[in-house]
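> Chain by chain, the residues run as shown.
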Amino acid sequence: MSANKISRRTVLRGLGASIALPFLPSLMPTSAAAKTFNQTGTAPQRFACLFMPNGVNPYHWSPEQVGTNFELSRILQPLAPVKDKLLIVGGLSNKNSFRTVEGHYTKTANFLTSMRITETVDSDVNAGGMSLDQVMAQHIGRNSLYPSLQYGIDRMRSGVCKSTGITKLYGSTISWPDPKQPCSLEIDPRMAFDRMFRNYVPGKKQVAEDPFKKSVLDIVHEDAKRLEKRMGIEDRSKMAEYLNSVRAIEKRLENQSSLEDFEAQITPDMRQELKKMDIRIDEWAEYTEGVDVTEKVRIMLDIIVLAFWSDASRIATLMLGNSASGRNFSFLEGVHDSHHAISHHKSDPRLLEQYARINTWHIEQYSYLLQKLNGIKEGNGTLLDNSMILFGSGLRDGMRHSPADLPIVVGGSGGGKLKTGLHHRYEERTPLANLYHTMLTAMDIPSNGFGDSTGELCELLV
Amino acid sequence: MNTLRKYFVLACLLVPFSLTFAADGEDGRHWRKVSKPILEKHCSSCHNAADKKGGIDFDNFYYIPSVVRRGDMWLKAIEMMETGEMPPPQKPRMEEHEKKALKDVVNKILNEALADPDPGASVMRRLSHREYTYTIKDLLDVDFNGQKFFPKEGSGGEGFDNSSGVLFMTPLLMERYYMAADSIIRQIRSDKKHWRELVSTSYRPSLLRRSLNWIQGIFSDETPRWAVPVSRARQVVVPFATRTYRGFLTQEEETGLIDFFNEVYFEKELWKKRDGFDQAMATIFKRILVSPSFLYRTEINQPIKRPYSISGLELATRMSYLLWSSMPDDTLIQVAYREDLHDPAVLNRETRRMMASPKFHRFAESFAPQWLGVEEAMKNPQADKELFPEFTGEVAAAMRQEVIDYFKYVFNDRENLLELLDSDYSMINGTLANHYGIEGIEGEEFRKVNLADYGRGGVLGMGAVLTATSLPVRTSPVLRGQWVLEQILGTPPAPPPPDVPTLEESEAADSELGLRALLEMHRSSPACSGCHAKMDPIGFALENFDATGKWRNYYKGEVAIDAASVLPGGHEIDGPAQLRKALVEEKDKFAENMARKLVSYAMGRGIQFTDTPTIRAMKKSLLESNFNSKEVMLTLVNSYPFRHRRSDGTDAYAKK
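Chains as they are written, first to last, in the working numbering: chain A, 1 to 462; chain B, 1 to 656.
Treat the hints with caution; some may be incorrect.
Unchecked claim - Which chain A residues stay away from chain B? Per the calculated CB distances, all over 12 Å, these:
#	residue
1	T294
2	H344
3	G375
4	H424
What the hints assert, rightly or not - Here are the computed lysine-lysine pairs in the DSSO-like style, where the Cα-Cα straight-line distance is at most 27 Å:
#	chain 1	residue 1	chain 2	residue 2
5	A	K377	A	K419
6	B	K52	B	K108
7	B	K148	A	K276
8	A	K204	B	K148
9	A	K346	B	K587
10	B	K448	B	K379
11	A	K275	B	K148
12	A	K162	B	K408
13	B	K76	B	K630
14	B	K589	A	K162
15	A	K162	B	K587
16	B	K359	B	K448
17	A	K213	B	K268
18	A	K180	B	K630
19	A	K225	B	K268
20	B	K448	B	K630
Just so you know, the hints here were simulated from the structure itself, not pulled from any lab data.
Ideal Cβ positions, reconstructed from N, Cα and C, are used throughout, including at glycine.
Extracted from the complex, chain A is given alone in its bound form (with noise of 0.2 Å):
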């Protein structure tokens, strides 16, 4: 046993820097959709949010010009390569973050719901309504392994704030598939690599499912309607989400032609992508877990890639950092300080320019993923443009708080619906759901609106 453990570390640091390599999507066979597509002539959609906390530097966020002929701004800059597939939206406001007691927490869980969140310890937790990946999930994710996943980079805030009564986890999470309760945040590479990929993997022991598994929760099943019965209001609602998760599992296990689909895309070459996916992992919780933040970020980026291109999921979230996240962004150069203090920059040129900084390096994950799902093949076009990724943070300027002009792109065109390589700019005060419900009809999914949307954007649609 541990000789085979030390022979394994020495096979690591014998591949040394040619595994450190992310996986080349240029080996990847077309995506697993090709299926789907063949049958219906149409590429599924897939839906990403990455969320940036503490707001960016005003004076470098927004392109110069509106319209198709625009210069990246500063900040945008790493999207240089993606130029013609963005959509970036100016003006948008999350209204219903406007007056809360609180700055950064309130204005994180409802990024995604657009909906008031109410301001609680804990006893009646609550974003307002369901977010916008969730109603995705409902729709179109339902059709994959994974209705959706929700990643994050940091522990879930603990504590509460006791000054404005609210609790901080709040600011850790935008997912919430019932208005009462957060999606749990996956935060550990190696656990969301092998949820979905572990049996796939070249030379690794699979782990056979527990043959008896469906029959556990079937009765287990039972065991809760059964304890519904001698239970009051409340618990009974806390039942209802043992149920609910226990419903999810037993969804997935009798979802064979979905898996048959997924196991089918996973073809020998990419196995061999998942193998040095496997080791990167491993390299990075051996040698860089706590330091190397960006290999962590693009890890768990690679991963909503690969879940993507075999249609184990249609829908991810990924919570770059927690709001007011006091991450140490000293291995940026010039960069001497916690994230959250320089985003109160007190106007003080020094800071503004090492936030913009920090804020160029949350684009640069972003134009990472849109990088990688451009480069693989789907239909006529290429994953990304069957995708809308969006991009954005729950404040504008960090100092002010402001949910105002909130900065906003988005990448890929949901299958060629939304409009791309554009710099929209709204009026002030237009309500930031009005984009997710152009997005849910983007989606062909029928909706009254979304959150407190006052109607669509009609100048992004196609």
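Got chain A; can you put chain B on it based on the hints?
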């Protein structure tokens, strides 16, 4: 006929009306008559549903229960009205008779609410990850690190991870529970001795039995079933499930478990396998470990309106999760079954026994870092590695341990919680001594060391606290001051105004050298001075500790540190030792804060106004017993909320 129908229609129309208006009866009408004009005239122009200044909406207190629910806020509002802080100077003044009328009606409502004891809401709690870990340890003697394996969670109440309101169940977590159960049972099965301790009996069908089954199979499609394996299964499963579910099984539950055995053993034909009986047992154990009866601490909901005493076993469970973060042991279960746990003598005896058990260290481990808010900072330290190369993961871990060991020592051995604030010692090991610059302490083991000569002692000298309240590259007197006000005294400053005015002299913003000048600026600005005059002086007194808690006499080896400052009220202090003495003077606030933290931790929810009598009793116990830790715990377990329950859904003051 026609008339009757008319009356009927009229009655239908009136009933809902009368119900709405009768919800709080005559008192309610009086409340509205008195309060509405005053609030509308003086308060709701800012504190309304749209503006909600300070998070308060005075349009939202139509019914009495809504007033009681935010009783603390109302007390504060009355106080501010009396001191003249509110309404603000630019608004019309309140007449004396208006003040009196409002104060009287609010006091009447709040006093009446406290006259009837109320245990508050008690929503079923899922095991926290820590509780899962320890319950598995005590139940099965398996080390399984749930805190590492399960997705991280947030906190609620007064900042603890055991608050029912934030203990959600999600598909991902459910998946992990299944995997956890699988891996735990697998681990036990891999060790024959361990497995036999759990499954003391086994079964293999005899040759005769197998032949009979084979013959029967020829003539019939019916699944063969026979009694022996079933009775052996029952022998193992029933006691195990009883322990795991922390309560006696209902007939239905027992039948359910045996039916499940029948399904896997007979119908799924495990009996044909060599180790079929053990496989069936393993499957049942897994099933028990993912059952809601294990994962949630359920209490029977009595369909009555009045609060009622919880059962002995339920009380035992509350006690053991409070003191041990785990299930009750056999002794406690026996006591709950044979004696009256509600009898103060029995309750105190058992509580003392549990506090003396080695398992009680889990309380310190769980409570102390969460109370002090250092958990996140120590598990994910952000101090700059280039500026502070000596601040390693090992040092961070030692700092966390110092908090726990110190709390444990003060709680168990000194029995004096005031020593958390002020003492001349701490619990450190070689790593930490090295970091703190203390000579002659070596080795891994933590021990009590006198630190009078090093400016340390009490939580304010702890690396964990000093680091958690610093920025990655420098100290922040503001954060440290805020921390003391919030975590120690329970009087958090108001959040900064949304649009902080620009400070001209911000040159020094990222340099420690000019911090004091910058903060003087803070305090000269009227928007900031109120809170910063309270926070900054506390932080200044701690400036000799750098951003990783090391002692220093100079900033960057050049400018001497000035740790002198003036607390609000003119109290002059210089350095950490005098700050500690000043804090001890605030023992009243500290006692109240401690009481709130303990009640919230024990009840798994935020403090409600109806907890006021309990908080008062605990505060009194602390102040009168020289902050005796054991005494206050006894007050807590004897308190009304801890031993009672309100039928779910009948809580008049819960938010609907």
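> Now tell me if each hint is right for this structure.
So, going through the hints one by one against the coordinates:
With a least CB separation of 15 Å from chain B, T294/A remains clear of the 12 Å interface cut-off, as annotated. A beta-carbon of chain B comes within 12 Å of the beta-carbon of H344/A; the shortest separation is about 7 Å. Remark: the non-interface label on G375/A is consistent with the geometry, its nearest Cβ contact in chain B lying 29 Å away (cut-off 12 Å). Distance check for H424/A against chain B: the nearest CB is about 28 Å away, which clears 12 Å, and the non-interface claim stands.
About 20 Å separates the Cα atoms of K377/A and K419/A, which keeps this hinted pair within 27 Å; it holds. Taken as a hint, the K52/B and K108/B pair is honoured in the structure, with Cα atoms around 26 Å apart against an allowance of 27 Å. As the CA atoms of K148/B and K276/A are separated by approximately 25 Å, the hinted pair is consistent with the 27 Å bound. Taken as a hint, the K204/A and K148/B pair is honoured in the structure, with Cα atoms around 23 Å apart against an allowance of 27 Å.
Between K346/A and K587/B the CA atoms are separated by roughly 37 Å; this puts the pair beyond 27 Å, and the hint is violated. About 24 Å separates the Cα atoms of K448/B and K379/B, which keeps this hinted pair within 27 Å; it holds. Between K275/A and K148/B, the direct Cα distance comes to roughly 25 Å. Compliance with the 27 Å bound is thereby established for this hinted pair. For the proposed pair K162/A and K408/B, the alpha carbon gap of about 25 Å is at most 27 Å, so the pair holds.
Using a Cα cut-off of 27 Å, the hinted pair K76/B and K630/B is violated, with the two alpha carbons roughly 31 Å apart. Pair hint K589/B plus K162/A holds up; C-alpha atoms about 15 Å apart against a cutoff of 27 Å. Annotation: proposed proximity of K162/A to K587/B holds, straight-line Cα distance about 20 Å (limit 27 Å). For the proposed pair K359/B and K448/B, the alpha carbon gap of about 21 Å is at most 27 Å, so the pair holds.
Proximity of K213/A to K268/B is assessed by CA-CA distance (about 13 Å); at most 27 Å being required, the pair is judged to hold. Our distance criterion of 27 Å between C-alpha atoms is broken by K180/A and K630/B, whose separation comes to about 38 Å. Between K225/A and K268/B the CA atoms are separated by roughly 24 Å; this keeps the pair inside 27 Å, and the hint holds. A C-alpha spacing of about 21 Å is found between K448/B and K630/B, which places the hinted pair at or below 27 Å, so the restraint holds.
Checked against the numbered hints above, the structure violates hints 2, 9, 13 and 18; every other hint is satisfied.
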